[in-house]
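**Student:** Hints given; two lone chains; assemble the complex.
Going line by line, the protein sequences match chains E and Z.
Position one of the first sequence corresponds to residue 1 (our numbering), numbered consecutively onward.
Position one of the second sequence corresponds to residue 164 (our numbering), numbered consecutively onward.
Be aware that a few hints might be false.
Simulated pairs of lysine-lysine, DSS-like, Cα-Cα distance not exceeding 30 Å [claimed, not checked]: (1) E:K126 to E:K83; (2) E:K70 to Z:K195; (3) E:K37 to Z:K351; (4) Z:K212 to E:K110; (5) Z:K426 to Z:K551; (6) Z:K423 to Z:K187; (7) Z:K285 to E:K39; (8) Z:K423 to E:K118; (9) E:K154 to E:K6; (10) E:K110 to Z:K520; (11) Z:K520 to E:K118; (12) E:K70 to Z:K187; (13) Z:K356 to E:K39; (14) Z:K214 to E:K126; (15) Z:K345 to E:K37.
In case anyone wonders, no lab produced these hints; they're calculated from the structure.
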Amino acid sequence: MALNSKKLKIGWFSFSCCEDSTIMFTEMLNDYWDEWKDKIEFRHCKVLQRTNVLDDIDVAFIEGAITSQKDEDEVKKIRQAAKKVVTIGSCATTGLPSGQRNNFDPDTQKCIQHLIDKFSQSAQVKSIPEVILVDERVPGCPMDEEKFLEVLNKYFKEFKILD
Amino acid sequence: MHHLSNITLKNISKVEGKANLRVKIKGKKVKKVEFQISEYKRFYTWAIKGKNINALPQLVSRICGTCSIAHLLCAIEAIETALSINSSEQTKLLRQLLMYGLIIRDHALHLYFFALPDYLEKDSILEFDEGSAREHQLLHDAFTVKKAGNLLSTWIGGRAVHAMFPKVGGFVKLPDIAQKSKIINQLKSAREKIFRAINIFAEDKFNFERKTNYAALTSFDFNFLEGKLISSHGWEIPESEYENHLEHVIIPYSMSSGYKLDKEPYRVGALARLNLNKKSIHSKTQKDCQRYLAKFPSSDIYLNNLAQAIEIIHSIDHSLEILDSLEIKEEQPIIVNPKKSTGIGVIEAPRGLLFYKLEIDDSGHIRDGQIVVPTSQNQINIELDIKKLVEDNIERSQIELEHMIEMLIRAYDPCLSCASHFLKVRWEKSQI
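Excised from the complex, chain Z in its bound form (with noise of 0.2 Å):
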């Protein structure tokens, strides 16, 4: 009979990040799954604390690098709220186009470096072969669609990874609107080539279900920046009232805290809003993604590769539609007044849901914060899916065991900088 022994995988790879995972076998069944984040704190809730509310957003941006215009929104959506600023209508549109730049440069960054790979049985895109005309196609794809998201975010933010302009009350500098006609062009050019991949994601090579709860917050546009937070469990809230659902959960072996939602593990992401909010993606998207779309609700993991594909093509539709008729006119930054307050800010970032709470003093300083990001919400989800993958692949091979849990925690696309980087696993091994 097949055992499993002691197994040590160091760094899994195509991840943002740093992590370990121990697994305990006692014959068929697995004891202990531990899914350690071990990318080291960098302590970011104890250093808002003091900092100005105008210096706040540049600061937080600082804690990922993949998806900074996401907690910088935040960060910004939670002090607004504190202070009771009405953006601009125009400010309004021009985050929308940032976070879809985002959406759109983060999801294929993933899909193409990261998920790929796997699906076309490489090690790595580096190894896609120039000289067939599939895997050149698709490099090419990954440079154009990863590009369009970048010149998106780039135009309105003044870079794609710590923008510059946009603040609290506003943006410090307007998009050039003379830039408008490369950015629509480079966005339609992307939107032509995502469909070589959406249809290897939608292939069902790999499969993986376990039921469990999905959280994400929905809005009539499937907008990303607000809306009603809504979940399997039934019940559908304001962004004020998710803090009283989420239960922290204390991993003494990682460097990130784990959260259930009303007591229960569950999974937010692309999943989980093409689960709970697919009637709302784009008018577009829906009619060119009708049997991608079929497939959701899904409780298989795997298809949050095609969901995070079709939430491209969604953002490159509904950024075509905003573009057509934006204009940019002069306007300055809503001026702060500074007051006692409390501000709560929900945004699902390209991973799923990030909670902003931050409590402001007289003088505009941050007395303290809370920051829930995704992949902590997803921690203990993680380990629950992996416990049955191995015991449903008890008698596979180590090797295949163990490039089975890196392509599942893949699919998850966790953002371990965020959490708290990846892959060693330690096996233990009890025949008894």
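Here chain E stands alone, though its shape is the one from the complex (with noise of 0.2 Å):
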């Protein structure tokens, strides 16, 4: 396959969760950074870069639940400014482990209320799918790993990274 000179533009972008796909990210760069420092243009991604854009984004992986109104409407901007969004790992894809709050029995639930209500967290956790139309989802906790080859590969191939 040949190479273009194109990048594919990323976003990657963490909301409530442990980070723990950010991290097998970091650690795919030990075998594939000599495969994708030519292929991908990191557009924003807050754990290796102090200079991060929101625009003109081809894919935003979106870890981590939606546990805010704030949340919602940031996570409602990438998706404006990402032509596909990639859910990555249990958090972003069904809201659960860091949305266990939704299942709390009314009595815990009654005694975190009042944290729930000083730190403005919504009612319920959400998913990003509950909030956004995604294109793809990469499930695990943390993200499995070829699910996620997979998706980007299919994402070099539909943006014309590689011919």
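**Tutor:** Next up, the structure:
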């Protein structure tokens, strides 16, 4: 396959979660850096770089669940800035385990309500597909590496990074 | 005269998680620093209630992706202490190797990906110039060192993140001894490479000193998992007494609590460990790192980076020693007999002391639990450091100061996912 000079413009975003899939991604760089360095442009990746921009993104990879109106507004902006959106990991894809408080019994809910109110958290934690349209899902806790590679390679072809 | 005006700095990068910072300045004095950990609460201390002790370690592993193995092992220790389970010598060695794998991978991610770009005046490791022999080498050293830790943890735990094989009483699956030589070769390769970076962290390019207290778990072989707690206050106590010295401090503007030790702010982490126990570093590391170790004890937070680099070498040296004679014999995990009990676990996570106190009921379910993470213990100290840093550099430009604050916070290697994500600075300036 021939490589074009064009790069896939990606964003990597984290919401409420343990960032396990971010760690997995940084570990995948150990083996895939030489393959990816001429194919990927990091438009937004807070864990790796200081200067980030939220526009003109081909694929946004989103980790974590949505637990506030503020985050809901932010993820909608990411959707607008990205041509494709992929959920990364269990919290983004299903809302759990970060959304475990949705399943607390009423007594426990009552005990934590003052903290939910104090920090303006939403009544219910939501997965990413509950808030915005997503194009692909990479499940797993942490993310399934093989599925991630399958999705990434699909977008290399779709955005004509590889002929 | 130069005056600071209101500044908003959003999303400090290259740390694990999110936080905001508000600095209020009056004249040349900082009146208030609010380090707000803004990672939304996920309520793990509530979620653990009612969970079976066998399911708990895998649940608390999800508190933090980068130090998941530390949460896993600390929870196991607390449960085993409560139930008087004495794990086998093989289990102890495998847990030790699992922990060293975590220390190598986690420190290497912080040092190469988060801290090193500041030392090379780069925005990001992604900007390292592959055409420059030095930068190309450092970039690829980063991958080799991280991979060594990753492989070691994966070999023992099944995965480097949310390890699947460790459990209360032992391991559900034992490592394949046929892979041992591959692990040894990767560790040896990483050891050679780390010395290129250690020289950079030892150059004293950045300094920030403020006298404070330190606390660490210390052992004769610097093993991160057991020992006595020592503080710069002068005391030496068993793990079970640590909570008696801790004071919980509610920080109204932060998702995380803060802590004081004997009513005073303190620092935990690699710098504290080297300050209090450098004599116990592996003899081979001592020999090759003599001039670096001579810099400790120190109150310079930037030496936390050097301390982490030394700890990587120590973790490799001790792992190689263990691996040299390691044989794997088939054994089953110890059967757990639940009883009403309380257990404490204290370990040295990569960023410092991690404390678990778990109350178990007769049926083997968690009645209640307390978890104290390293970044919460450092939170008050971080605010005091920022106050001094800003006052010492009050004539500098806003942009310079913001960068200095970011670097200082990065030197702490905070884990904000654990503590409850980074950074938005709000400056409030009054001229009077």
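**Student:** Each hint: holds or not?
**Tutor:** Hints, verified against the model:
1. Under the criterion of a C-alpha separation no larger than 30 Å, the hint pairing K126 (chain E) with K83 (chain E) is consistent with the structure, at around 22 Å.
2. For the proposed pair K70 (chain E) and K195 (chain Z), the alpha carbon gap of about 26 Å is at most 30 Å, so the pair holds.
3. For the suggested pair K37 (chain E) and K351 (chain Z), the alpha carbons sit about 27 Å apart, so the restraint of at most 30 Å is met.
4. Note on K212 (chain Z) and K110 (chain E): the hinted pairing holds, with a Cα-Cα distance of about 15 Å set against a maximum of 30 Å.
5. Between K426 (chain Z) and K551 (chain Z), the direct Cα distance comes to roughly 20 Å. Compliance with the 30 Å bound is thereby established for this hinted pair.
6. The straight-line distance between the Cα atoms of K423 (chain Z) and K187 (chain Z) is roughly 23 Å, inside the 30 Å bound, and the hint therefore holds.
7. A hinted pair counts as satisfied when its Cα atoms are at most 30 Å apart, and K285 (chain Z) with K39 (chain E) qualifies at roughly 21 Å.
8. Taking the CA atoms of K423 (chain Z) and K118 (chain E), the gap is about 24 Å. The hint holds against a cut of 30 Å.
9. Proximity of K154 (chain E) to K6 (chain E) is assessed by CA-CA distance (about 15 Å); at most 30 Å being required, the pair is judged to hold.
10. Using a Cα cut-off of 30 Å, the hinted pair K110 (chain E) and K520 (chain Z) holds, with the two alpha carbons roughly 24 Å apart.
11. A hinted pair counts as satisfied when its Cα atoms are at most 30 Å apart, and K520 (chain Z) with K118 (chain E) qualifies at roughly 27 Å.
12. Restraint check for K70 (chain E) and K187 (chain Z): the C-alpha separation of about 25 Å stays at or below 30 Å, so the hint holds.
13. Distance check on the hinted pair: K356 (chain Z) and K39 (chain E) sit about 27 Å apart at the alpha-carbon level, within 30 Å; holds.
14. Under the criterion of a C-alpha separation no larger than 30 Å, the hint pairing K214 (chain Z) with K126 (chain E) is consistent with the structure, at around 23 Å.
15. Of the supplied pair hints, the one linking K345 (chain Z) and K37 (chain E) holds, its CA atoms being roughly 27 Å apart against a limit of 30 Å.
Going through the hint list in order, the structure satisfies each hint without exception.
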